[in-house]
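Colleague: Chain order of the listed sequences is A and B. Here the first sequence stands for residues 1 to 114, numbered as in this note's numbering. Here the second sequence stands for residues 115 to 228, numbered as in this note's numbering.
One or more of the hints may lead you astray.
To be verified - Covered stretches of chain A, as calculated for chain B (at least 3 residues, CB under 8 Å):
no., region
1, 22-28
2, 62-75
Claimed, not checked - Label pairs and their in silico Cβ distance ranges:
no., chain 1, residue 1, chain 2, residue 2, range
3, B, Pro154, A, Val83, 38 to 48 Å
4, A, Val12, B, Ser220, 36 to 46 Å
5, B, Asn155, A, Asp56, 26 to 36 Å
6, B, Gly122, A, Ser58, 46 to 56 Å
7, A, Thr102, B, Pro154, 36 to 46 Å
8, B, Gly130, A, Arg64, 41 to 51 Å
9, B, Asn155, A, Gln80, 20 to 30 Å
10, A, Ile54, B, Met197, 18 to 28 Å
11, A, Lys44, B, Arg223, 14 to 24 Å
12, B, Glu185, A, Arg15, 19 to 29 Å
FYI, nobody ran anything at the bench for these hints, they're computed from the structure. Even glycine gets a Cβ: it sits at the ideal position worked out from N, Cα and C.
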Amino acid sequence: NAGVMQNPRHLVRRRGQEARLRCSPMKGHSHVYWYRQLPEEGLKFMVYLQKENIIDESGMPKERFSAEFPKEGPSILRIQQVVRGDSAAYFCASSFEQGRETQYFGPGTRLLVL
Amino acid sequence: AQSVTQLGSHVSVSEGALVLLRCNYSSSVPPYLFWYVQYPNQGLQLLLKYTSAATLVKGINGFEAEFKKSETSFHLTKPSAHMSDAAEYFCAVTRGDSSYKLIFGSGTRLLVRP
Numbered sequence: 001n002a003g004v005m006q007n008p009r010h011l012v013r014r015r016g017q018e019a020r021l022r023c024s025p026m027k028g029h030s031h032v033y034w035y036r037q038l039p040e041e042g043l044k045f046m047v048y049l050q051k052e053n054i055i056d057e058s059g060m061p062k063e064r065f066s067a068e069f070p071k072e073g074p075s076i077l078r079i080q081q082v083v084r085g086d087s088a089a090y091f092c093a094s095s096f097e098q099g100r101e102t103q104y105f106g107p108g109t110r111l112l113v114l
Numbered sequence: 115a116q117s118v119t120q121l122g123s124h125v126s127v128s129e130g131a132l133v134l135l136r137c138n139y140s141s142s143v144p145p146y147l148f149w150y151v152q153y154p155n156q157g158l159q160l161l162l163k164y165t166s167a168a169t170l171v172k173g174i175n176g177f178e179a180e181f182k183k184s185e186t187s188f189h190l191t192k193p194s195a196h197m198s199d200a201a202e203y204f205c206a207v208t209r210g211d212s213s214y215k216l217i218f219g220s221g222t223r224l225l226v227r228p
């Protein structure tokens, strides 16, 4: 049973470009969570999605950031017009159910904005 | 609101020595508590979790943690450190109800000296 897959593992963008980060949850998991890890910090919750629904995006910056989890295909975290402060590791996690169920993390996408 | 404090951003032990990584939490409701390990350039792997059953929780790789409500602590221990234990360790809390947001501490980097 494959784990949570994320791609790309590393992404370099220049300021003003768009970044698209993909996450395929574990088989059978319909709950996806995105977290951001800034250098020397712990992970911070960004957004929680179920298939075709955003459940909680309270941790998402108000502008430039969006997320989706379509009926078919991976979850996408999209960052428009990236700035240097967006440089971070972005982790996706998935669970079978929400709440008390364990969240399983992917290897992360490390975004570097030049 | 829930929060997690990890005392000591770096802990150094000799191989074979006791490992003790400290975690204190605050929560207005019974918490669920987790320890995750992150190896360089990898995602987070669950070591163990406390979900209001036994207060002493055993995890993978010989780690265990004890939930102490009176001290609001959930310290991680291992009797004998191995070189392969060198990594960053994160304590996390979520509420005991169906909350899905993992709130992470800032992490403790464990160094193991030969």
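Colleague: Now, for every hint given, state plainly whether the structure supports it.
Modeller: A quick look at each hint next to the structure:
1. 22-28: violated (count 0)
2. 62-75: violated (count 0)
3. B:Pro154 <-> A:Val83: 38 to 48 Å: The hinted range 38 to 48 Å is violated for B:Pro154 and A:Val83, with Cβ atoms some 26 Å apart.
4. A:Val12 <-> B:Ser220: 36 to 46 Å: Given a distance of about 26 Å, which is not inside 36 to 46 Å, the answer is violated.
5. B:Asn155 <-> A:Asp56: 26 to 36 Å: Roughly 28 Å apart at Cβ, these two residues keep to the hinted range, so it holds.
6. B:Gly122 <-> A:Ser58: 46 to 56 Å: violated, 30 Å
7. A:Thr102 <-> B:Pro154: 36 to 46 Å: For B:Pro154 against A:Thr102, whose Cβ atoms are near 23 Å apart, the range 36 to 46 Å is violated.
8. B:Gly130 <-> A:Arg64: 41 to 51 Å: Roughly 49 Å apart at Cβ, these two residues keep to the hinted range, so it holds.
9. B:Asn155 <-> A:Gln80: 20 to 30 Å: holds, 26 Å
10. A:Ile54 <-> B:Met197: 18 to 28 Å: Cβ of A:Ile54 to Cβ of B:Met197: about 43 Å, so the range 18 to 28 Å is violated.
11. A:Lys44 <-> B:Arg223: 14 to 24 Å: For B:Arg223 against A:Lys44, whose Cβ atoms are near 18 Å apart, the range 14 to 24 Å holds.
12. B:Glu185 <-> A:Arg15: 19 to 29 Å: violated, 47 Å
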